[in-house]
Amino acid sequence: MTALRDSLLELIRRTSAEIPDDVQAAILAALEREARGTIAAEAMQIIQRNIELARRKSQPICQDTGSVLFYVDTPVGADQLAFAEAARQAVREATRRGYLRQNSVDALTGKNDGTNLGPGAPTFHFHQHPEPETRVRLILKGGGCENVGAQYSLPDERLGADRDLKGCRRAILDAVLQAQGKGCGPGVLGVCIGGDRATGYEHSKVQLLRRLDDRNPVPELDALEQDILNTANELGIGPMGFGGKTTLLGVKIGTLNRVPASYFVSVSYMCWAYRRQGVALDPEGRITRWLY
Amino acid sequence: MPTLLTTPVSEAAVRALKVGEAVEITGTLYTGRDAVHKYLAKGGALPPGLDLRGALIYHCGPVVIKDEAGRWKVVAAGPTTSAREEPYQGDIIRRFGVRGVIGKGGMGARTLAACQEAGAVYLHAVGGAAQVLAEHIKTVRGVYFLEEFGSPEAIWEFEVERFPAVVTMDAHGHSLHEQVFAASQAELARRL
Chain A
1 MTALRDSLLE
11 LIRRTSAEIP
21 DDVQAAILAA
31 LEREARGTIA
41 AEAMQIIQRN
51 IELARRKSQP
61 ICQDTGSVLF
71 YVDTPVGADQ
81 LAFAEAARQA
91 VREATRRGYL
101 RQNSVDALTG
111 KNDGTNLGPG
121 APTFHFHQHP
131 EPETRVRLIL
141 KGGGCENVGA
151 QYSLPDERLG
161 ADRDLKGCRR
171 AILDAVLQAQ
181 GKGCGPGVLG
191 VCIGGDRATG
201 YEHSKVQLLR
211 RLDDRNPVPE
221 LDALEQDILN
231 TANELGIGPM
241 GFGGKTTLLG
251 VKIGTLNRVP
261 ASYFVSVSYM
271 CWAYRRQGVA
281 LDPEGRITRW
291 LY
Chain B
1 MPTLLTTPVS
11 EAAVRALKVG
21 EAVEITGTLY
31 TGRDAVHKYL
41 AKGGALPPGL
51 DLRGALIYHC
61 GPVVIKDEAG
71 RWKVVAAGPT
81 TSAREEPYQG
91 DIIRRFGVRG
101 VIGKGGMGAR
111 TLAACQEAGA
121 VYLHAVGGAA
131 QVLAEHIKTV
141 RGVYFLEEFG
151 SPEAIWEFEV
161 ERFPAVVTMD
171 AHGHSLHEQV
181 FAASQAELAR
191 RL
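If you read the protein sequences in the order shown, they are chains A and B. Letter by letter, the first sequence follows residues 1 to 292 of our numbering. Letter by letter, the second sequence follows residues 1 to 192 of our numbering.
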């Protein structure tokens with residue numbers, strides 16, 4: 001229990017203070033792309049300096065340490081209740097140490113008890129898998145980017161979006177246009193086509209667990225991902241919405257079956273401060289390797 | 001090269017700024033977010049000794065701790081989303097003689113109109129850059145409303161040096177946010 005708690009505490013610290021390598025590579029590429037001397041390039045330089053400083057000082061990259069989202073794959077028969085309790089203890093301690101800001105308030109009263117614990121805080125997504133190790137992935141998702149997420153129900157007359165891939169493209173690009181720089185761009189889109197209103201958004205966030213440099217195994221979705229990324233970066237929104245060449249760092253699209261009557265396109269926006277890490281754990285809860 | 005701004009900022013200095021211009025601020029910043037804006041806009045008075053004429057308000061809920069010697073130390077201090085203060089900002093700019101606000105994401109028509117009439121600007125800091133921006137804060141000179149509003153919502157008085165930001169709404173009625181939205185909307189229409 002103590003080993004598990006300590007492993008999860010280290011996972012939270014590292015997630016909050018260190019950008020994963022795949023995101024770092026995308027940010028450096030964006031920095032190269034922006035024309036020297038522009039405010040877009042200056043913003044990317046500040047972002048890169050911030051990443052280095054947070055890592056060196058082991059302090060939060062962004063003061064909004066976000067919603068705490070755990071995605072946990074456990075062996076069959078593992079005790080999920082004990083895991084959740086250890087994770088809650090880790091969140092409480094991470095908050096006390098300042099890895100996380102006191103960032104969770106009662107929905108009605110706004111009261112902040114300073115622990116980051118409460119209904120839905122942290123959030124757990126448990127799955128069993130036929131393997132002996134436990135794998136834990138963590139996303140810290142800030143409010144600014146969460147607020148620019150969007151869900152479309154196709155057909156959408158305003159957008160001229162039908163129930164096909166072309167319609168999905170119109171909806172996703174509308175989300176990029178509406179977000180501008182407000183989600184702290186350049187960001188990454190996680191998208192789900194299909195599902196219901198709840199599972200669609202949920203699956204859009206699961207896409208954010210994918211590495212930025214992976215490719216979608218479904219050819220149509222791979223083509224759509226590349227197309228949205230390239231098109232978004234031609235719109236001139238740029239870092240922070242200052243204008244410039246990099247509006248998005250990546251696009252990840254998945255699908256869920258839907259009922260014939262519904263056709264949702266759900267878009268989650270992740271800011272450049274893409275805090276996502278993961279660990280594999282042995283049966284005692286010790287970290288055996290990092291997943292990103 | 002960025003334009004250097006020192007506080008208190010004069011009306012002439014503010015009216016000389018144009019959208020898209022990078023600035024570096026040296027002097028004093030006062031933080032203020034939801035609670036402070038609502039309180040002041042509903043007729044609340046400034047605490048004794050605080051004068052916002054020529055001042056810059058920073059939309060920020062910083063993480064501030066006390067070091068071993070009991071001095072305040074800023075750990076993280078990036079901008080928060082400014083749009084939430086849109087109902088209040090224009091009135092506060094006019095009533096207190098504020099010369100500018102710093103935040104992220106831009107603001108709307110009422111704030112833009114107040115900037116034009118009263119001589120003020122909106123300055124955009126890099127969202128998420130909590131560590132870099134905290135490095136530009138040299139000292140905490142004081143704090144107001146700490147008891148009433150809590151730490152993130154209090155008015156913190158920061159001494160800053162070369163704090164970087166970009167003018168995205170100027171005193172001439174121009175908004176970079178409106179310009180980039182219109183241009184990107186046109187680009188998108190060509191690609192649908």
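Take the hints with a grain of salt, since some may be wrong.
Said to hold, decoys possible - Calculated lysine-lysine pairs in the PhoX-like style (CA-CA distance at most 25 Å, straight line):
1. A:K245 - A:K166
2. B:K138 - A:K111
3. B:K18 - B:K73
4. A:K57 - B:K18
5. A:K111 - B:K38
6. B:K42 - A:K57
7. A:K111 - B:K42
8. A:K57 - B:K38
9. B:K138 - B:K66
10. B:K38 - A:K245
Hints listed in this document are in silico derivations from the structure and should not be mistaken for laboratory results.
Going back to the hint list, which numbers does this structure go against? The structure conflicts with hints 2, 3, 4, 6, 8 and 10, although it agrees with all the remaining ones.
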